[in-house]
Amino acid sequence: MQPIQLFELASKQAEWLSVRQGVVAGNIANANTPGFRAKDVTPFQAVLETTGMRMAATQPGHFTETEMASRVVETKPTEEIGVQESGNTVGLAEELMKQGQVKRDFDMNAGLVKAFHRMMLMTVRR
Amino acid sequence: MDPLVASMKVAASGLEAQSTRIRIVSENLANARSTGDTPGADPFRRKTVTFAAELDRATGASLVEVQRLGFDEGEFTTEYDPGNPAADTNGVVKMPNVNMLVEMADMREANRSYEANLQSIKQSRDLISATIDLLRASQ
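One line per chain: the protein sequences are A and B, in this order.
In this text, residue positions in the first sequence follow this note's numbering: the first is 1, and each later residue adds one.
In this text, residue positions in the second sequence follow this note's numbering: the first is 1001, and each later residue adds one.
Since the hints were derived computationally from the structure, they do not count as laboratory data.
Treat the hints with care, since some could be wrong.
As the list claims (entries may be wrong) - The list that follows gives simulated cross-link-like pairs (lysine to aspartate or glutamate, DMTMM-like), each with its CA atoms no further than 25 Å apart:
#, chain 1, residue 1, chain 2, residue 2
1, A, Lys98, B, Asp1088
2, B, Lys1122, A, Glu85
3, A, Lys39, B, Glu1016
4, A, Lys12, B, Asp1133
5, B, Lys1122, A, Glu15
6, A, Lys39, B, Asp1133
7, A, Lys103, B, Glu1115
8, A, Lys98, B, Glu1075
9, A, Lys98, B, Asp1133
10, B, Lys1122, A, Glu49
11, A, Lys98, B, Glu1016
12, A, Lys76, A, Asp40
13, A, Lys76, B, Glu1109
14, B, Lys1122, B, Glu1075
15, A, Lys103, B, Asp1002
16, B, Lys1122, A, Glu94
17, A, Lys98, B, Glu1065
18, A, Lys76, B, Glu1054
19, A, Lys103, A, Glu74
20, A, Lys114, B, Glu1016
21, A, Lys98, B, Asp1002
22, B, Lys1047, A, Asp40
23, A, Lys39, B, Asp1056
24, A, Lys98, B, Glu1027
25, A, Lys39, B, Asp1088
26, A, Lys114, B, Asp1133
With the rest of the complex left out, here is chain A (with noise of 0.2 Å):
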């Protein structure tokens, strides 16, 4: 059923994102700290094509790490910003701005959601 599989689509883009802004957070806190270099996550299609391998959880007990959070990488130092004096490459712009689109994607994805739920209420209801 096609609605579904959008859902699970969704869920997945949330989490790739909330995953993100994690990792943003985290090079803005460490902005000014020395040789700490700026992470990103992969891309979300590069994710959506790829399935890693995870440990199985077999008792609740178990913990299991979040798919996307093995997928966190060293970013390239960018053109403006570059390694700076410090050995730190974080650009607080960037990160903003990183931090602007993640905003936007979730709010759309969240959007998204709500309309389809809405669409399925529709159909149960009349």
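Position chain B against the provided structure of chain A, taking the given hints into account.
Just chain B now, kept in the frame of chain A:
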């Protein structure tokens, strides 16, 4: 732990680190004219602060913490002021190695970083409430 909650935790650690930095800057500025009180004594020495990334084991996120509060080993400036209790036999007083301009620049930078962290807390909160709104809207 939810990544969004984790990101708020990370940003909060950034706020704490930057406020420590601002505290050190104010200490330096407040003591910019603090001399010793015996002849030839060393005056106030400028303090410095260093940050380090710290892996939070519960969430896997990289928090920031104050690694070390150090001292600036730079030379003291000297001033001729025979009436000062810290003046040596030639009437020269050692003054703290605090440079106002450097401190002001440092304060500005700490301020910017603090604002950026604040922004990420706000945003994480917005994202969480967007998710909660999914439950609320379709009545």
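How the hints compare with the structure:
no. : hint                  : verdict
1   : Lys98/A / Asp1088/B   : violated (58 Å)
2   : Lys1122/B / Glu85/A   : violated (30 Å)
3   : Lys39/A / Glu1016/B   : holds (21 Å)
4   : Lys12/A / Asp1133/B   : holds (18 Å)
5   : Lys1122/B / Glu15/A   : holds (18 Å)
6   : Lys39/A / Asp1133/B   : violated (30 Å)
7   : Lys103/A / Glu1115/B  : holds (18 Å)
8   : Lys98/A / Glu1075/B   : violated (43 Å)
9   : Lys98/A / Asp1133/B   : holds (23 Å)
10  : Lys1122/B / Glu49/A   : violated (32 Å)
11  : Lys98/A / Glu1016/B   : holds (23 Å)
12  : Lys76/A / Asp40/A     : holds (10 Å)
13  : Lys76/A / Glu1109/B   : holds (24 Å)
14  : Lys1122/B / Glu1075/B : violated (43 Å)
15  : Lys103/A / Asp1002/B  : holds (17 Å)
16  : Lys1122/B / Glu94/A   : holds (17 Å)
17  : Lys98/A / Glu1065/B   : holds (24 Å)
18  : Lys76/A / Glu1054/B   : holds (21 Å)
19  : Lys103/A / Glu74/A    : holds (22 Å)
20  : Lys114/A / Glu1016/B  : violated (37 Å)
21  : Lys98/A / Asp1002/B   : holds (20 Å)
22  : Lys1047/B / Asp40/A   : violated (34 Å)
23  : Lys39/A / Asp1056/B   : holds (16 Å)
24  : Lys98/A / Glu1027/B   : violated (35 Å)
25  : Lys39/A / Asp1088/B   : violated (54 Å)
26  : Lys114/A / Asp1133/B  : holds (9 Å)
Consistency with the previously given hints fails for numbers 1, 2, 6, 8, 10, 14, 20, 22, 24 and 25, ordered from lowest to highest.
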